[in-house]
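Enquirer: Single-letter residue listing:
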Amino acid sequence: NAGVTQTPKFQVLKTGQSMTLQCAQDMNHNSMYWYRQDPGMGLRLIYYSASEGTTDKGEVPNGYNVSRLNKREFSLRLESAAPSQTSVYFCASSEEVNSPLHFGNGTRLTVT
Amino acid sequence: AQSVTQPDIHITVSEGASLELRCNYSYGATPYLFWYVQSPGQGLQLLLKYFSGDTLVQGIKGFEAEFKRSQSSFNLRKPSVHWSDAAEYFCAVVHEPSGAGSYQLTFGKGTKLSVIP
Chain A
43 NAGVTQTPKF QVLKTGQSMT LQCAQDMNHN SMYWYRQDPG MGLRLIYYSA
93 SEGTTDKGEV PNGYNVSRLN KREFSLRLES AAPSQTSVYF CASSEEVNSP
143 LHFGNGTRLT VT
Chain B
-14 AQSVTQPDIH ITVSEGASLE LRCNYSYGAT PYLFWYVQSP GQGLQLLLKY
36 FSGDTLVQGI KGFEAEFKRS QSSFNLRKPS VHWSDAAEYF CAVVHEPSGA
86 GSYQLTFGKG TKLSVIP
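Order-wise, the sequence lines are chains A and B. Under this note's numbering, residues 43 to 154 are what the first sequence spells out, in order. Under this note's numbering, residues -14 to 102 are what the second sequence spells out, in order.
Because the hints were derived from the structure by calculation, they are not lab data. Since the model is a prediction, treat every value here as computed from it, not as a measurement. Every residue, glycine too, gets a C-beta built ideally from N, C-alpha and C. It is possible that some hints are incorrect.
Stated by the list, open to error - In silico DSS-like cross-links for lysine-lysine, where the CA-CA straight-line distance does not exceed 27 Å:
hint: 1; chain 1: B; residue 1: K97; chain 2: A; residue 2: K51
hint: 2; chain 1: B; residue 1: K97; chain 2: B; residue 2: K46
hint: 3; chain 1: A; residue 1: K99; chain 2: B; residue 2: K34
As the list claims (entries may be wrong) - Rough simulated footprint, nothing fancy, chain A against chain B, three-plus residues with beta-carbon under 8 Å:
hint: 4; region: 16 to 28
hint: 5; region: 92 to 99
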């Protein structure tokens, strides 16, 4: 049972480059989330999708876009990467928005 | 501002000693409460949750937490710590800011636990 799968695990970008982080879950969960984790800041919500077909901004959405491709997949796109976006990104899913989260293992992104 | 506070950034305990990690929240209604654990290089794993009912909840790995409404706290405890418990622990709160069925999950900034053999 894979749970939540994120790709890639590591990525290095130059300032201004774009990339998409992929996330897929096989638990038939309705809600999916993207967080970033920075030292001393805990986890901050970037975007979430309460259900297929909907997306909403979280605490730190600027510089990011998301797509809920289908019930399984929720991607995060950086259109023009900036050094401030250097972080570890976690995808998570839950049955509903007030249910416990299941996390992927993270993507470590460095923007130079 | 509404928030989740974990006052201790880093705690060190000896193996076999008891542990208490503190968590306070500042939301008006009784929220849903969670504790997650993160081992190095891993995602977060749910330890336990409180939705309603008995205010003392049991979780995995021998952890428990007690919800105290009067103190707006949800502290995590373990009677005897094992070296494998060394990790970072996050308290999280689901709350309903607008009261219209729109829920948000907010994490505390985490407490890193070190265990001395």
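Enquirer: If you check each hint against the structure, which ones fail?
Expert: Those not satisfied: there are none.
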